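Student: Line by line, the protein sequences are chains A and B.
The first sequence runs 1 to 506 under the working numbering.
The second sequence runs 1001 to 1301 under the working numbering.
Treat the hints loosely; a few may be bogus.
[Said to hold, decoys possible] Going by beta-carbon spacing under 10 Å, a handful of chain B positions derived as facing chain A:
{"hint": "1", "residue": "GLN1071"}
{"hint": "2", "residue": "HIS1072"}
{"hint": "3", "residue": "LEU1073"}
{"hint": "4", "residue": "SER1085"}
{"hint": "5", "residue": "ARG1091"}
{"hint": "6", "residue": "ASN1107"}
{"hint": "7", "residue": "VAL1237"}
[Stated by the list, open to error] Calculated pairs, DSS-like style, for lysine-lysine (alpha carbon to alpha carbon, straight line, at most 25 Å):
{"hint": "8", "chain 1": "B", "residue 1": "LYS1086", "chain 2": "A", "residue 2": "LYS232"}
{"hint": "9", "chain 1": "A", "residue 1": "LYS158", "chain 2": "B", "residue 2": "LYS1044"}
{"hint": "10", "chain 1": "A", "residue 1": "LYS232", "chain 2": "B", "residue 2": "LYS1032"}
{"hint": "11", "chain 1": "B", "residue 1": "LYS1150", "chain 2": "A", "residue 2": "LYS173"}
{"hint": "12", "chain 1": "A", "residue 1": "LYS232", "chain 2": "B", "residue 2": "LYS1034"}
{"hint": "13", "chain 1": "A", "residue 1": "LYS156", "chain 2": "B", "residue 2": "LYS1044"}
{"hint": "14", "chain 1": "B", "residue 1": "LYS1044", "chain 2": "A", "residue 2": "LYS162"}
[Stated by the list, open to error] To be clear about the criterion: a stretch of chain A counts as covered by chain B if any three or more of its residues have a C-beta under 8 Å from a C-beta of chain B, and this derived list gives those stretches:
{"hint": "15", "stretch": "50-61"}
{"hint": "16", "stretch": "106-114"}
Bear in mind the hints are in silico, worked out from the structure with no lab data behind them.
The structure presented is a predicted model; accordingly, all values stated were derived computationally and were not measured.
Think of the CB as a built atom: it goes at the ideal place given N, C-alpha and C, for glycine as much as any other residue.
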Amino acid sequence: MAKDKYFAYGAVLEALSSGLYPDKRYVIREFAQNAFDALNAWRKVSGEQSLSPIEIKIQRPSIFIADWGIGMDQNEAEKFRYLGYSTKDKKENVGFRGIGKDSGLAVAEKIIVTTSKADVPMRYTIVIDAQKMLEESASGRNPPLEELLANYTTIKDKPEDKAEHYTFVELHKIRKDAQDVLFNIDGLREHLRRNCPVPLDPNFNYADEVTARLKTNIPSFADVDILLNGEKLYKPFPPNYTRPEYAPIFLNEEESAPLLAYCWYCGNSEKGQFADKENSGLIYRVKNFAIGDRQLTRETLWTATPERAFYFFGEVHVLDEAVIPSSDRTDFEDSEARVRLYQRCRRIAQILNQRAGTESAQRTFGEAIGGATELINLRQSEVTQSQLAIEIKPDVVYELRKTVEDLQKRIDRTAGKRKPSQKDIQLVNRGEKVLKNAKGLLKRMESGKGFSDITQQLELGEQAKQVYQIVIECLREEFSSDLKRLERVVDSINKALSRVFKRPSA
Amino acid sequence: MTTSSRFTVNKQAVRDLQSQTIQRFFKDRLGKLKYFGLPSDEMKDIIDWQPFFSRFVAVERGVPPDGGERQHLLMLNAFRNNVLSKLVLLRGDVDRIILDGRDEDGNILDYPFDVVTLDYSGGLLYRDTKGQQYRLAAIRELVCKQARHKLGYLLFISSNLDNCKDAEVEKTLQNIKTELLRYGVIGDEVISAYLHHDNYEPRLKIYVPYFVNQVASGVNYNCDTEHTIFYLGNQDVRMMNFRFCLTYDPRTTAPRFPRERLAQIINSSMVEIKGGKCSETNLGLPNLKKLMIDLEKSKVQ
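Work out the full structure, taking the sequences as your base and the hints as a guide.
Tutor: Okay, here's the thing in C-alpha cells:
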C-alpha cells in the first residue's frame, strides 16, 4: 500500500534509457545535442559570434563530452538528476524533453558531470550511479524513482573561478554490451558527421556558398566544430557533384508565406545515382541535427521514381516549429504539421525529378551525338576505301537512316522546348552539324557508291553467284540484330573467296 | 607561507629546471614530443610544457572509493587547459602499468616516450607485500622497453624519503666502494661520509643515479645525471628529484659504467630549493676528485 504514494517506479528507467535508443551511438549524439544547446545559450548571453568546439574524447573505459556552454548553477545541477525534467524552450533548443541525458544510463556504469556557470564561483559534480540504479530497479523490489534518485545520485560542490562556464560529462565505464559500438571510433565518427551540426567539409567546393545561404535563409542556423579525440569532424559529401541549387519551401504557393523548410542540393555530374551510396540523398535537419537518414526523404517525398532520390545529395532544413522530431530522431512525431511538411516538401522531389529527367535527356542526347559521329567516321572511311560489301548495303544504310532519324527527333524535341538551357542550345548546334554529315553520307550510300561486289571481282558464274547470295541471305537472317557481326562474317567469307578464287593477274 | 604554497613554489622551481633540461635536450624537436608520467594534481607540468609536447600519456590511479572522480578531475583539468585532445589517460598504478604494459582497462602503454616523469608521492624503494622493490623493477622495465626504440629521452623521477633506510641502499654504496677500488680509487672515506650523513638525501643522490645508470648501460644507453634536487614538499615532506638524460650508443655495452661517470655521480653537487630559490650545495660531503688528488699527492710525498 505504501507504494501508492508514488507515481513512477524504477522499472521505467530501463524504458527511458535503453528502450528509446536502439543504436547506442544515439547516446553520444544526445549529449552532443545538450552541449550544442548549452553553447547556443552561452552565445545568446555573451553575444559571442561563434560557438566554441564540443570535445568528445573516447578513452577506455569512458567517453567524455565537454563544452564551453552556459553551464549549470546549483539549482540546475540539482534538477539535472531528475528524469524527464527540462526547462528548455522547444523553439530555442534541440533537446527539450529532459530524457536525452538519461540515455547515458543505458551505456555507462556512471554518469559523472562537472559543470560551472559564469558568475557562479562554484562548480558542481553530479554523479548518477546508473549501474546501481538499474540493478536495484531490476531486482524484484522495483523501488520508486524518487528513492533511486535519492540513493544513487550525488552532488558535490567546489570553488571555481567565477568566469568559468562549462559542462564536462563523463560516461564512466561503458558497459560491455555497448563497448563494441561506442569504442569503435570510425563508426562513431561517421555517426557524428552524419547527424550532428558540424560544418560542411572544406573540401566540398561549395561549402562556403551553402553555409552562407543557410545563414541568410535560416535565422537560427548554426554549426559547431566537434573534435573527436582531437579530430575535427565535417559533414560527408560524395564526389562528382554539380553546383548546388536551393529550394525554399513555403507554407503555400505564395512566396510571402512563412518558410516551412529550406533545401539545398547538388546533382551528380556523372550518370544516374551517386556511386557513393552512403552520402547521396537528402537529409532532413532540425536545428542542423539530422532527422532520420536518406531513406526518410526518399520514402516521404518521392511518390514516383524513388531511385531518383539518390541522383542528388543535400539537406532539407525544417523550420516549422510545429514539426517535432521523435525522441530517437529517426522521424518526426505524427501530426498535422508533419503531414503538411511532407506534402509541401514533395515539391522538392518534383523539382529534382524534373531536373533529373532533363539531365538524363541531355546526357542521352550527348551520347547520341557521340555515337552518330563515331558511326559516320567509320562508314565514311569504309565507303572511301570501298571496304563495304554490297551484300550488307541494306543493313548499313538502314543503320545510318535510323541514326539520322534519332538525331532529328532529339534536335526537334530539344529545340522545341519553351525555355531551352544553354546546354540544350549547344547540344542542338552540335547535333545539327552531325546530322548534316550523316545525311550527306546516307545519300552517297543509298546511291550504291563505295560498296564492293565480290561476285563481280571474282567473275563468279551464275550458279556460284546464287549460292553465294543464298549463304549471305541466311547469314543476314541469323545476324539480323547484330550488324557488326554480320559485317565481320561477310568480310571473312569474301576474303576467303578472294584467296581461293582470285585469278592470277595477267 | 603555508606548507601548500611552499610546496607550490618549490615544485614550480623543480619544473622550471626540468623545463630547461627538456629545451636543452630536445631543442630541435620541441612541439613534437611525447610525454609519459604521473602529472601533479593540477597537471601543472603538462600545462607548463604544453608547447613542447604533441601527446601526453598520463597515469592517474584514483582512490578506490571515489569511483573514478580523481580521474574525472584530471580529464576536466585537461579540458579546461585545452589539452584534452592531446591527453591519453591510463588508469591504475603507474608501476603496475609499466610492468604489465597496459592499464587496468587494457589501454596499451605505447612506447617510446621522449620525456618520462615519474612523480611519485611516496618513496622509491617501496617494497610490495612480497618484499619486491617493484617501483625500481618498473623503472628497469621502462628503461628496457624504451631501449627497443634506440631513441634518446629524458627520465625525471621525484620521490620522498620513505623507505630509504632500506638495507639495499647501504649494500649498494658498499658495492660502489668496492667498484671504486677496482678502478684504483680508495673511496672509503667518501662513501663512509655519505653513509653516515645525518640526512638520507646524499645516499639517494648516489643510489638512484647508480641504479639508473646501471640499467641504462645494460641496454646500450649513456646516462647523464643532472644535479639532484631536494626540497620540502607538501606537508613539509622532504622530496628529491632526479633528472637523467639518456642517449642511445651501441658501443655502451658494459655491465658497469665507466669510472668517470661514477665519479660524476658522486662528485656532482646537489641543488637545494628553498622558497622557490635554487642553490648548489654538497652538504659538506667530501669530493671524490679531491680525494683522488690527495691520493696522488700522498703518493708523491
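Student: What are the numbers of the hints that this structure violates, sorted from low to high?
Tutor: 7 and 11
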